[in-house]
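Peer 1: Numbering (full-length UniProt numbering), first residue to last: 1 to 326.
Honestly, I wouldn't trust all of these hints.
[As the list claims (entries may be wrong)] Cβ pair distances, simulated, as ranges:
hint, residue 1, residue 2, range
1, R286, G157, 50 to 60 angstroms
2, V259, D211, 47 to 57 angstroms
3, Y220, T78, 52 to 62 angstroms
4, G242, R215, 17 to 27 angstroms
5, S292, R193, 16 to 26 angstroms
6, N232, V125, 39 to 49 angstroms
7, Q63, S207, 46 to 56 angstroms
8, G279, T78, 22 to 32 angstroms
9, V298, S42, 24 to 34 angstroms
10, T154, T78, 55 to 65 angstroms
11, T78, P223, 55 to 65 angstroms
12, D211, L68, 20 to 30 angstroms
[Claimed, not checked] Listed below are the simulated SDA-like cross-link pairs for lysine to any residue, each with C-alpha atoms no more than 25 angstroms apart in a straight line:
hint, residue 1, residue 2
13, K197, D94
14, K197, D119
15, K88, D119
16, K272, S175
17, K188, Y220
18, K99, I143
19, K127, D75
20, K248, V70
21, K144, F155
22, K127, V70
23, K88, E56
24, K105, R199
25, K240, E95
26, K188, S207
27, K240, Y186
28, K197, G279
29, K212, R257
30, K252, G279
31, K99, T36
These are calculated hints, taken from the structure and not from any lab test. Backbone N, C-alpha and C fix where the C-beta goes; we use that ideal spot for every residue, glycine too.
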Amino acid sequence: MPALERRVRRTNTLKSNTYKAEDVPESVDFKAALATFLKDCSDRNLSPRTLEYYTEIVTDLTQQLNKLSVFRPVDVKTAHIMDIVVQKREGRSDETINKYIRGWKAFFNFLRNNGYLMDSPFDNVKKIKSEKKLIHTFNVQQIKALLDTPNRNTFTGMRTYTIMLTFLDTGIRLSELENLKTTDIYWKERQFRVYGKGRKERLVPFSATLDKQLREYLAYRGPLDHDYVFINIDNKPFLKRGIQQAIKEVGKESGIRGVRVSCHTFRHTFAKQYIINGGDAFSLQRILGHTSLDMVRVYVAMFGVDLSAQHAKYSPLEHLSEGGEL
């Protein structure tokens, strides 16, 4: 009869983890780390523009770190990041610096959260608290001046006029207008299907006035071998820089001063007029495609009450004459 095999009990003491960050290429090679990060972003269906943004800012960070003799992600310390932030603040706005910080932090948090690094050097790095600046918008006279500027007897003039009406009526982003296709127009419902930040799809309503103008423009555009709504003179999709240039030229020709004539100013103007005309914050958030109410609260705080009209109505100085005393 064979002897019974003696069972050995497992020790209850855990051995220390022998994992080291240097065990994976992502921790010691910026190119490998960036490639892995971008693949994850792509797998999450982030937009090509977002991938381009991450590529640009992480590459820039790598170059700045190399100047500090830091060549591996695992060797990056908070002090290195703070040195770079201080250098970059020269001649740049706080908003721009915060865009860098957000992107860099996302990159290192990814490495930490996926086990490529033990810690992130950004754990104690906070965004710069920037001043809340006034949001500049077009007034009614400026809007009329802009709309009166394009020569609507030409295709380019008709196109620019239609683009401005679209911005004013919907508040969509430049990238959303650039990628708008005829198949994204739901005529019966009067809605656009647009893809915002992070490729998030939403429906944006448009008015009967814009409906009429779009139909007229598309009649001149005619059938093409692609579905992009806005095109250049060569019948190719009208790209971001071309749209920006067209709006900039209208601004110069209209002679408007005191406000930047840009696609984003049209977006702010839409939000202002929407609030002033009685629109609510929640529907505005959905139309604009904001993930939170933060920006919408800013619009409401700034435009919810027409301060000039209120001042004229309740000015203490104006009311002094009613009491007959100074």
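Peer 1: Confirm or reject each hint.
Peer 2: Status of each hint after checking the structure:
no. : hint                            : result
1   : R286 - G157: 50 to 60 angstroms : violated, 33 angstroms
2   : V259 - D211: 47 to 57 angstroms : violated, 28 angstroms
3   : Y220 - T78: 52 to 62 angstroms  : holds, 57 angstroms
4   : G242 - R215: 17 to 27 angstroms : holds, 23 angstroms
5   : S292 - R193: 16 to 26 angstroms : holds, 22 angstroms
6   : N232 - V125: 39 to 49 angstroms : holds, 43 angstroms
7   : Q63 - S207: 46 to 56 angstroms  : holds, 48 angstroms
8   : G279 - T78: 22 to 32 angstroms  : violated, 44 angstroms
9   : V298 - S42: 24 to 34 angstroms  : holds, 32 angstroms
10  : T154 - T78: 55 to 65 angstroms  : holds, 57 angstroms
11  : T78 - P223: 55 to 65 angstroms  : holds, 58 angstroms
12  : D211 - L68: 20 to 30 angstroms  : violated, 57 angstroms
13  : K197 - D94                      : holds, 21 angstroms
14  : K197 - D119                     : violated, 29 angstroms
15  : K88 - D119                      : holds, 24 angstroms
16  : K272 - S175                     : holds, 21 angstroms
17  : K188 - Y220                     : holds, 21 angstroms
18  : K99 - I143                      : violated, 31 angstroms
19  : K127 - D75                      : holds, 22 angstroms
20  : K248 - V70                      : violated, 42 angstroms
21  : K144 - F155                     : holds, 20 angstroms
22  : K127 - V70                      : holds, 23 angstroms
23  : K88 - E56                       : holds, 15 angstroms
24  : K105 - R199                     : holds, 21 angstroms
25  : K240 - E95                      : holds, 22 angstroms
26  : K188 - S207                     : holds, 12 angstroms
27  : K240 - Y186                     : holds, 23 angstroms
28  : K197 - G279                     : holds, 23 angstroms
29  : K212 - R257                     : violated, 31 angstroms
30  : K252 - G279                     : violated, 31 angstroms
31  : K99 - T36                       : holds, 21 angstroms
Of the numbered hints listed earlier, those contradicted by the structure are 1, 2, 8, 12, 14, 18, 20, 29, 30.
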